[in-house]
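Protein sequences appear in the order of chains A and B. Terminal number for the first sequence in the working numbering: 402, no gaps in between. Terminal number for the second sequence in the working numbering: 648, no gaps in between.
Hints may be right or wrong, so weigh each one.
[Said to hold, decoys possible] Computed cross-link-like contacts, DSSO-like style, restricted to lysine-lysine with a CA-CA straight-line distance of at most 30 Å: (1) B:K637 - B:K469; (2) A:K60 - B:K443; (3) B:K595 - A:K301; (4) A:K301 - B:K443; (5) A:K301 - B:K501; (6) A:K301 - B:K637.
Hints are computed from structural coordinates only; laboratory data are not their basis.
Given next are the chains, with one letter for each unit.
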Amino acid sequence: MRQWLRSLALATRDYFHEWQISVCFVLALAAVLGPMMVLFGLKFGIVGSMIDELREDPAKREIRPVGSGRYDRQWIERLAARPDVAFVIPKVRNIAATLEVQSDRAARILTLEVIPTAPGDPLLPPGVDAPQGLGEVVLSASAARKLQVAAGDGLDGSLERRFRGKRERVHLPLTVVGVAAPQAFGRDGLFASLALTEALEDFRDGRAVPALDWPGDPPQGERHYTGFRLYARSIYDVAHLEEGFERAGIEVRTRAGEIATVQRMDRTLSAIYWAIAVIGLAGFSLSLGASLWANVDRKRKELSVLRLVGFRTGDIIWFPLLQSLYTAVLGWALAVGIYLLAARGINLMLAPQLDRAQEVCRLLPEHYLIALGLTLAASVVAALLAGIRAARVEPSEGLREL
Amino acid sequence: MSDAGAQQPIYDLEDVVKTRVAGDYSFSLRVPNLRIHPGEKIALIGESGCGKSTLLDMLAFVLQPDKAERFAFQPDDKAEDIARHWRRGRRNRLAALRKRHLGYVMQTGGLLPYLSVRENIELPRRLLGLPRDDTVSELAEELGLTRHLHKLPADLSTGERQRVAIGRALAHRPAIVIADEPTASVDPFAAEKIMALFMEMVEQRAITVIVASHAWRHIKQLGLRRLAHHSRRSKDGLATETVVSG
Numbered sequence: 001m002r003q004w005l006r007s008l009a010l011a012t013r014d015y016f017h018e019w020q021i022s023v024c025f026v027l028a029l030a031a032v033l034g035p036m037m038v039l040f041g042l043k044f045g046i047v048g049s050m051i052d053e054l055r056e057d058p059a060k061r062e063i064r065p066v067g068s069g070r071y072d073r074q075w076i077e078r079l080a081a082r083p084d085v086a087f088v089i090p091k092v093r094n095i096a097a098t099l100e101v102q103s104d105r106a107a108r109i110l111t112l113e114v115i116p117t118a119p120g121d122p123l124l125p126p127g128v129d130a131p132q133g134l135g136e137v138v139l140s141a142s143a144a145r146k147l148q149v150a151a152g153d154g155l156d157g158s159l160e161r162r163f164r165g166k167r168e169r170v171h172l173p174l175t176v177v178g179v180a181a182p183q184a185f186g187r188d189g190l191f192a193s194l195a196l197t198e199a200l201e202d203f204r205d206g207r208a209v210p211a212l213d214w215p216g217d218p219p220q221g222e223r224h225y226t227g228f229r230l231y232a233r234s235i236y237d238v239a240h241l242e243e244g245f246e247r248a249g250i251e252v253r254t255r256a257g258e259i260a261t262v263q264r265m266d267r268t269l270s271a272i273y274w275a276i277a278v279i280g281l282a283g284f285s286l287s288l289g290a291s292l293w294a295n296v297d298r299k300r301k302e303l304s305v306l307r308l309v310g311f312r313t314g315d316i317i318w319f320p321l322l323q324s325l326y327t328a329v330l331g332w333a334l335a336v337g338i339y340l341l342a343a344r345g346i347n348l349m350l351a352p353q354l355d356r357a358q359e360v361c362r363l364l365p366e367h368y369l370i371a372l373g374l375t376l377a378a379s380v381v382a383a384l385l386a387g388i389r390a391a392r393v394e395p396s397e398g399l400r401e402l
Numbered sequence: 403m404s405d406a407g408a409q410q411p412i413y414d415l416e417d418v419v420k421t422r423v424a425g426d427y428s429f430s431l432r433v434p435n436l437r438i439h440p441g442e443k444i445a446l447i448g449e450s451g452c453g454k455s456t457l458l459d460m461l462a463f464v465l466q467p468d469k470a471e472r473f474a475f476q477p478d479d480k481a482e483d484i485a486r487h488w489r490r491g492r493r494n495r496l497a498a499l500r501k502r503h504l505g506y507v508m509q510t511g512g513l514l515p516y517l518s519v520r521e522n523i524e525l526p527r528r529l530l531g532l533p534r535d536d537t538v539s540e541l542a543e544e545l546g547l548t549r550h551l552h553k554l555p556a557d558l559s560t561g562e563r564q565r566v567a568i569g570r571a572l573a574h575r576p577a578i579v580i581a582d583e584p585t586a587s588v589d590p591f592a593a594e595k596i597m598a599l600f601m602e603m604v605e606q607r608a609i610t611v612i613v614a615s616h617a618w619r620h621i622k623q624l625g626l627r628r629l630a631h632h633s634r635r636s637k638d639g640l641a642t643e644t645v646v647s648g
């Protein structure tokens with residue numbers, strides 16, 4: 001067997017022989033590392049779930065123009081091509097975008113807002129294709145409830161205009177292809193293709209809609225829209241997009257303020273956390289270093305004996321190094337145990353206040369590994385200092401003590 | 403010992419000096435001339451503080467002399483220039499020589515507390531990669547330790563621990579065994595028995611032995627050669643010089 005291997009074997013024997021002292025080292029480490037992990041778990045869990053909430057809720061990514069403007073199709077298409085825009089679709093005049101809808105099951109006739117939609121719309125429920133053509137619609141949850149319909153059912157839509165002095169009403173058959181989630185759209189609404197919203201506007205403006213056999217004046221030249229629905233790719237793109245619109249003279253409304261608050265909070269909490277972590281880690285390294293250092297003093301005689309029987313300088317360094325690695329790994333494992341218990345307690349205690357499967361205290365697997373890595377690094381540094389000292393112990397130094 | 407004179411000495415020292423300073427006091431050991439031949443049994447007798455340990459440490463290559471005109475060590479055919487190894491800082495070379503050729507019995511045993519008696523005795527053999535044979539069991543038998551082989555040193559009496567230390571010093575069949583007050587911590591009656599056993603064992607194995615002791619009384623009848631030494635103190639009483647030769 002190689003001498004350093006024998007040195008490792010002896011260091012292992014020594015470490016477990018003096019288990020009381022080893023337990024103290026491990027406890028001292030876990031006492032610093034455990035609370036640090038709980039602290040980070042809290043920071044990560046609280047800020048993380050706030051950011052998740054922001055990220056998951058499309059409303060937070062929405063950018064709405066205030067008032068009405070005049071936008072052509074090319075302008076909207078240029079906007080859609082931007083990488084920081086996830087979804088954009090033009091809107092016709094609000095006043096034109098309504099439809100009266102009746103179902104066989106409910107007596108009421110509902111007047112629904114018609115919202116233009118297309119594939120990729122974050123408000124559409126996952127797994128439901130965007131409504132196509134002039135006959136398919138997705139209902140908002142409240143509308144579906146009031147009309148007592150579900151996906152697959154048929155509806156009768158109708159609208160009225162005054163044209164050349166006469167009141168005219170047209171009907172169009174609709175098929176429900178899906179129902180949006182309640183949090184996606186809170187009012188009574190109907191998602192339809194852009195073409196359908198354009199048809200509603202054309203009819204109300206007294207123009208013909210040949211696809212639906214609705215009579216009227218010939219179609220207009222180039223169409224202009226009064227607004228748009230836009231969702232940024234992520235919450236982090238909102239502020240930048242908002243700036244661009246303001247520069248172009250378009251006043252928009254966003255949740256940028258709310259997002260900035262969370263981001264600021266994340267930064268503040270991170271800074272606080274890191275300050276505590278750095279101080280804690282420095283304290284831990286110092287205490288581990290000091291105890292290993294003192295340990296070398298305490299073991300001077302035994303180390304002298306090892307040198308006397310012929311261990312070389314290099315082999316002696318392994319002694320404190322291995323012992324501190326044991327402390328690091330065991331201390332880390334204990335800290336993980338402390339963390340898991342504390343996190344479970346905190347999460348259980350706060351469970352009633354939380355919606356869904358939110359966790360207040362939570363760590364990702366890589367966080368455990370980072371904690372282990374930092375601990376190992378700190379103990380290796382401490383142990384190397386102690387090890388160099390151990391290697392310098394003159395064999396004659398400790399022989400006559402005790 | 404007429405034939406011993408014809409052989410190459412195992413230690414050959416000439417004008418070796420070591421000075422230790424503690425506060426205002428200085429203590430120096432001077433060895434104008436010292437030759438130890440293979441198989442010799444050497445005793446170094448004197449009060450504590452007279453420099454015995456300093457000399458033993460230098461002979462065990464664990465203490466660097468301040469000055470050495472000549473410090474040769476020849477355990478076998480090849481002579482080693484210890485003074486040169488020290489000058490060149492070849493500590494690992496010195497460690498290798500200790501490992502191979504030296505056994506050391508410390509005043510207080512110096513056993514590793516986390517190893518059993520058997521493992522303590524075996525340690526030098528395993529360091530050298532020697533085969534696991536009956537050596538340890540035989541040593542234990544001779545030393546009366548057979549029933550303690552599995553115990554830890556903490557479970558033994560002082561006398562038993564010293565016997566384990568003797569076993570460890572002999573286990574790898576070294577050329578030289580150095581013992582620093584091996585029985586100082588044991589009661590006089592047991593001390594005499596342990597010393598007699600120790601001498602018998604090194605004699606059987608034809609091992610050169612160097613023993614330091616403060617009591618000549620029970621060394622005398624064991625047939626050891628006593629090294630001459632005398633100490634003198636400077637007029638101000640701050641410096642002590644001990645001269646050893648033989």
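Worksheet entry | Hints violated by the structure (numbers, ascending) | Violated hints: 2, 6; rest satisfied.
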